[in-house]
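K.L.:
Sequence order for the protein chains is R and H. So the first sequence is residues 126 to 277, counted in the numbering used here. So the second sequence is residues 1097 to 1979, counted in the numbering used here.
The set of hints was computed from the structure by calculation and includes no laboratory data. Just so you know, nobody snuck in bad clues.
Derived, one-sided and incomplete: chain R residues facing chain H with beta-carbon distance under 7 Å:
hint, residue
1, Leu128
2, Phe154
3, Thr155
4, Arg158
5, Phe161
6, Asp165
Everything numeric in this text was worked out from a predicted model, so none of it was measured. The C-beta atom is built at its ideal place from N, Cα and C for all residues, glycine as well.
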Amino acid sequence: MALNEEVEALRAIPLFQRIEASRLRLLAFTSERVRFEPDDLVVRQGDIGDAAYIVLEGRAEVLVDTPQGPLRVAELGRNDIIGEIAILIDVPRTATVRTTEAMTALRISKELFFRLVEEFPQMAVEIMRELAQRLDRTTNDLREARAQLAAG
Amino acid sequence: MEKTIYGFVFRHSLPQQIFLLALTAVSFPVLYVSYEIPKIIINDALGDDAGARTLFGVEMEQLTYLFALCLVFLALVLVNGAFKFNINAGKGRLGERMLRRLRYDLYSRLLRFPLPVFKRVGQGEIIPMVTQEVEPLGGFMGDALAQPVYQLGILVTIGAFMLIQEPVLGLAALALYPFQMYAIPKLQRRVTQLAKQRVQHVRRLSDRIGESISTIEAVHADDGANYLRADIANRLGGIYDIRYEIFRRKFFIKFLNNFLAQLTPFFFYSIGGYLIIQGQLSIGALVAVLAAYKDMSAPWKELLAYYQQQADARIKYDQVVQQFDPPGMIEEALQVDEAETLPALTPASRIGFENAAYAEDDISIPVRSATFSVGLDEHVAIVGPSGGGKEEIGLLAARLATVTGGRAHLDGTALADLPQAAFGRQAAYVGPHANLFNASLRENLLFGLRHRPLRPADLDPEAAARRDARAVEARRSGNTDADFAADWVDYGAAGAAPGAEMVRRMVEVLAAVGLDEDLYTLGLRGVLDPAAHAGLAERVLEARAALRSRLDAPGAAAPIEPFDADAYNVNATLAENLLFGAPIGPAFAVGNLAGHPFVRSVLEEAGLLDRLEGIGLQVAKIMVELFADIDPGHELFQQFSFIDADDLPEFRTIATRADRLGVPGLEAEERRRLLGLPFLLIPERHRLGLIDDALRADLLAARRLFRERLPEADRASVEFFDADRYTARASLQDNILFGRVRHGQAHGAARVSALLADAVDEAGIRQAVMEAGLAYEVGIGGSRLTQTQRQKLAFARALLKRPALMVVNMATAGVERVAREMLFLAVRTAMEGRGVVWVLEAPELAEGFSRVVVVEDGRTVEDGTWEALSGAGGPFARLLRQS
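All chains should be built: construct the whole structure from the sequences, respecting the hints.
P.N.:
Printed below as a string of structure tokens:
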């Protein structure tokens, strides 16, 4: 059934990888499944984020505004997550995401996400772990970039 | 108000009391005779002498004489009863009128309290006084004179009868009364004092309970529940002590009374018996005296009860009246009486303050010396630090408070001498609280225009007669006879004719303050009676058609799935799909479908009953799994679960039993519970994949069966969806959409509202939608609106009456920035050439006002234009820098 497919999609995402199946089912059940037309805006850079999206089907591109106009920085597909930072902290969207073909995604609202974290502290731990890994990666990247600059 | 309850009674009911007294006095001779008859019967009619007797000059035999006397006795009993009935009914009516008058007077005084009183006195204290505490006073006031005189009269009559019959026995019967008369009041006095304390304690208790309710958030947030429990328990303990003491004393009084009452027969039997044996007294006389004495105990008890009552009533009245006589009450003449001419507020008028001071009491003196004036053609901003007196100056300018020193005047007439109507009708006030009533938006808007009945209600003769009779009765109780049902709205003040024009004007004003979008949204969700709005249904159907044609247009997938009699709507619940209509009343409400015999028979015939029970079991299992370890109070439960947290364990049991026994092995009730679950399923929303194509087809068959077989008795319980008909039960929006919004479409909601807006405009029913919005109930204190919406509504109410002066007092502090700018613009535009006094929460908002007055520490310290003051380096410039 559709719900199981969504649970599988959630499990494929590192942020949710270690979370129990029953929790993921609850998350999937309480989230909304959203269809986008081709060329629909999923999120817009600078907007305040209120939800994250998990792509179940279809593709989208990530665009960043530059003085020279929008710059395409990445492409997203099945099992990718969009806008997860915005549901953790109140920052404006850092990029625009636009669908390139019809897309189906699971919409996890910030409110719902926090309620689940509140209910299952274990989820918070998993998310912390994932974020710490990312921070570690970013710090490494930064260190390398600095080293390159210093060498350059 | 009269200082004592007797003052109140005499002032307002002396003639009626005298009438009751007279009636009472007339009844005594009859009473006396009715005691005389039994004695004649026993002594004379039953006497040994068998000869003829004379009654009223007619000679008759013994037996005839006996029956004649008995008939006379019966007649006297009837006459006595008639007197009693009339006296009691008269007293009851008088009491009710007096109670009505008292309550009305108290409420009327409440409306005249100066505002600071409400900072000290809680609702919890005031409300029980008007509602419960005075209730027993009504009965007492009816009894005030007639009861003691009547009962005392009976006592005297009976006493006199006994004394005349047999002086010795009479004296014996009456001997103990003087002692009782002396002792009982002494004992009673202490009880009365205790009762007084009890009233005060209970009042404070109700105030504390009220406070607990109004601070409930803090109680939860600070885990203060047990502290409050202890407080209340302590207070209840105090009340318990007092009440117990009262009971003890009351019962002691009762005991003493009973004992004394029993003592008297002792005298009768001993002294009376002795006299009879000695042949000095006839048995007839003893029986008569005994009967009379038995009758004495009732009036005596009544008299004592009256004594207790009057002691209670005096205290209650004292305590209530004290509370309703605070110093500084608004004079009755200024508020209640309709002035013949009101001093006009015109653009040429000026409101001036010279060394004005305002003290709430000895300690709190928020305004010490204010000197400034406002022409009613200028817009003046009042700024200053909070707590510096600017808010009180706002109250003074709106004449909501009266200066306690210095001068405040309108063109030379002291503001305090103006009738309340002068400002109430020509000026408007918007304060920090919106002061909304628990009524519709329309009623809240119109409140500012309702000062007196202007057009009598349009009534048929019968209803008009009823109304007039009620008015007469109202006057008898000193209540106002103004007809509440009349049209009170001053349309002239709003500048619009009654009816459609007034509605347009209200919508206009709401648009000016930025509530038009909200009004439109609320209106779409509102239900309009098509019968009351000619042509509405047709135009809504036009809008439906217009929307439909847009949906059918090729292009993007439609955000709405229309209702189709021959298709399963995957965005609607299974219940909606089965009924294909809106339930009216409880019969087909979704929670009752599983138990409805007709619904069950339809499902049975369509072969669905077992399958739906099976689906119910699956839903139950999923819910049990998903929500098993979610806290029952959690929002997730309320929002997403099909099953109440309380019922979850039950469904868990049912699911386990079903695994063991199979669904057919379950109890009938358990199967009914399971059957109830699938009715809520919306395939597109819940995505549980439980409703497959085959099931949908069978449900469509069941839908047809339902419609064909629906029994006559149930016809009124459902309104079927019909693409060509207006559904009276449904909201405007549902009527236009005639379908369900598709779940899971990105930007679906926005597209639906755009489509709706287009359809509404195309059919030209925006006005009707807004009108439906005016019927929206705002809730207690406007709780169904947001803070910003409430304040906007308060502004709209003020603007609707086109005031000559508008006083705004810290009214936009809790309002979002964009809304605040809109409100500023709305007021400044509407009040062009009229007076505005605006007490601002921040000094920088004063830009654009014709003048700025700076208030600090209760004094006006600066007065001038924005340009002059902001560059002057004085207090205003300092305030600007600090903000």
